[in-house]
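Chemist: With the hints as constraints, model all of the structure from the sequences given.
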Amino acid sequence: MYGWIWRHLPGNAWVKALVSLVLVLAVVYVLFQYVFPWAEPLLPFNDVTVDNQ
Amino acid sequence: MAATADETEEHADASAPDPRPRRSPGRIALAVSLFGELLITVGVLLALFVVYSLWWTNVIADRKADRRAEQVRDHWAHAADSGPGTLDTGDGIGFLHVPAMGNGEVLVEKGTGTDVLNDGVAGYYTDPVKATLPTSGKKGNFALAAHRDGHGAKFHDIDKLRDGDPIVFETKDDWYVYKVYSVLPETSKYDVKVLSPVPRESGRKKPGHYITLTTCTPVYTSRYRYVVWGELVRVEKVDGRRTPPAELK
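In order, the protein sequences belong to chains A and B.
Residues 1 to 53 in the UniProt record's numbering are what the first sequence spells out, letter by letter.
Residues 1 to 249 in the UniProt record's numbering are what the second sequence spells out, letter by letter.
Hint data in this document are derived by calculation from the structure and do not stem from the laboratory.
Heads up, the beta-carbon is just placed ideally off N, CA and C, and yes, glycines get one too.
Careful, some of the hints might be misleading.
[Said to hold, decoys possible] Here are the simulated distance ranges between beta carbons: (1) A:TRP4 to B:PRO128: 49 to 55 Å; (2) B:ASP115 to A:ALA26: 24 to 30 Å; (3) B:GLY208 to A:PRO37: 39 to 45 Å; (4) A:TRP38 to B:VAL44: 33 to 39 Å.
Modeler: Structure representation (structure tokens):
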């Protein structure tokens, strides 16, 4: 999978490494900004109140 | 760009026949390596989630809370001429100082929904039991909740609180000094009785001016709730320089 992505990136090794880095950062950004905030309330790690439900 | 990629591929093809086994891995080998990569991906994702919940949410929440706290202080400074006893129209009603937790001041806002608490503040209960605000002067229970981990983790060190430790609530005009008198290190999350105006589980039977702090326990999970009760000892007027009461020095 990652090998396939690497082969399909343009340029020489340096350019590929740079593009990969940008891709990784983009993925981390999307995760932190959208995916994790969405997933967090669904997981039972951070309920601090007492309630009836 | 595409041409170079093709070239390298062809080049790789041309040189391939020599190390034969490396060139065309079997289907099973491919499947196994794909599976392995997926596992690595899942591992990295989970690690990132931990980083997110234990570090990044704190960064975001503290930033927001600091800004809000500044607004409240600003509001107090500029609305000094409004009569005493009038509650601020802003969301923040005051600051909680708990020296034993060693985390400075915690802004207190209305409500205990995640939308409130995720901003790095403590919230007072409006549901299932309505908290009695100390500013009302009535007897009752000022029940608060905040995060143990992530989102500012304002009650992270709640387990450092011992009987007799001060909890000070600061409003525009007054310092409300409470003393811890009871701790419940573990209770069910359905135990709403801890928020009652007279919290019997704390050992008190008569109405009084109580404060209740709730958060989740053990750390990093929310299986149970940790509860700390305090009782009002005295109220001090805020002076011109906002000199903190003796407990905070």
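Chemist: Each of the hints needs a verdict: does it hold here or not?
Modeler: Hints and how they fare:
no., hint, in the structure
1, A:TRP4 to B:PRO128: 49 to 55 Å, "holds (53 Å)"
2, B:ASP115 to A:ALA26: 24 to 30 Å, "holds (28 Å)"
3, B:GLY208 to A:PRO37: 39 to 45 Å, "holds (40 Å)"
4, A:TRP38 to B:VAL44: 33 to 39 Å, "violated (19 Å)"
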